[in-house]
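Listed below are the residues making up each chain.
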Amino acid sequence: QKEVEQDPGPLSVPEGAIVSLNCTYSNSAFQYFMWYRQYSRKGPELLMYTYSSGNKEDGRFTAQVDKSSKYISLFIRDSQPSDSATYLCAMSAHTGTASKLTFGTGTRLQVTL
Amino acid sequence: DTEVTQTPKHLVMGMTNKKSLKCEQHMGHRAMYWYKQKAKKPPELMFVYSYEKLSINESVPSRFSPECPNSSLLNLHLHALQPEDSALYLCASSQDQGRETQYFGPGTRLLVL
Chain G
1 QKEVEQDPGP LSVPEGAIVS LNCTYSNSAF QYFMWYRQYS RKGPELLMYT YSSGNKEDGR
61 FTAQVDKSSK YISLFIRDSQ PSDSATYLCA MSAHTGTASK LTFGTGTRLQ VTL
Chain A
1001 DTEVTQTPKH LVMGMTNKKS LKCEQHMGHR AMYWYKQKAK KPPELMFVYS YEKLSINESV
1061 PSRFSPECPN SSLLNLHLHA LQPEDSALYL CASSQDQGRE TQYFGPGTRL LVL
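Protein sequences, first through last, are from chains G and A. Residues in the first sequence are numbered from 1 upward in steps of one, following the numbering used here. Residues in the second sequence are numbered from 1001 upward in steps of one, following the numbering used here.
Incorrect hints may have been included.
Claimed, not checked - Subject to a maximum C-alpha distance of 20 Å in a straight line, what follows is the list of computed PhoX-like cross-link-like pairs (lysine-lysine):
| hint | chain 1 | residue 1 | chain 2 | residue 2 |
| --- | --- | --- | --- | --- |
| 1 | A | K1038 | A | K1053 |
| 2 | A | K1053 | G | K42 |
| 3 | A | K1053 | G | K100 |
| 4 | A | K1040 | G | K42 |
| 5 | A | K1038 | G | K42 |
In case anyone wonders, no lab produced these hints; they're calculated from the structure.
Work the whole structure out from these sequences, hints included.
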């Protein structure tokens, strides 16, 4: 079993829809949670990060963490064609110098006109 | 400014060539990372430098040789690569290795013939 599970998609939605992207994880030591957006042939771009359970909002994006269920989500409101990309969840445990990110496989999102 | 720059953007090399990838950040970050990413896969960690010292080497073959000349620069020296090493090579940086918010560069797309 992978430490982080993420549905690879593709997920296709019409413009204006609310998108829900999700990851589950098995390592209860994970404390830091991030969402990256990656356009084709580009580097990942940090969208959201959070260290605690609950919701964090930034514009059209909301990151949600439920540590008790080991489940994180990214919601995109009023989705736009420019949101079409691969979304990677990433997480890590704070272990000092050995800490590193564990990524999900990424969900490919297509927002259609 | 949360920019990490990488050069070159594209690189084609033969299996007997020696080349180098370069990465630079001016955010004052003290941890820098090299990742390898194959198509439709998440980034795979290769090396971590923390305070200019090699902190993590994920059992990467010796044909990849990292170098950190100073706190702003990170190089990846390539020699005798194989076609299966063709991938997107990503550099990232974070404030220090205990801060997991990593910022990625645009990547170097490498093709080994």
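Hint-by-hint comparison with the structure:
no.	hint	result
1	K1038(A) to K1053(A)	violated, 27 Å
2	K1053(A) to K42(G)	violated, 28 Å
3	K1053(A) to K100(G)	holds, 16 Å
4	K1040(A) to K42(G)	holds, 12 Å
5	K1038(A) to K42(G)	holds, 12 Å
The structure fails to meet hints 1, 2 from the earlier list, while all remaining hints are met.
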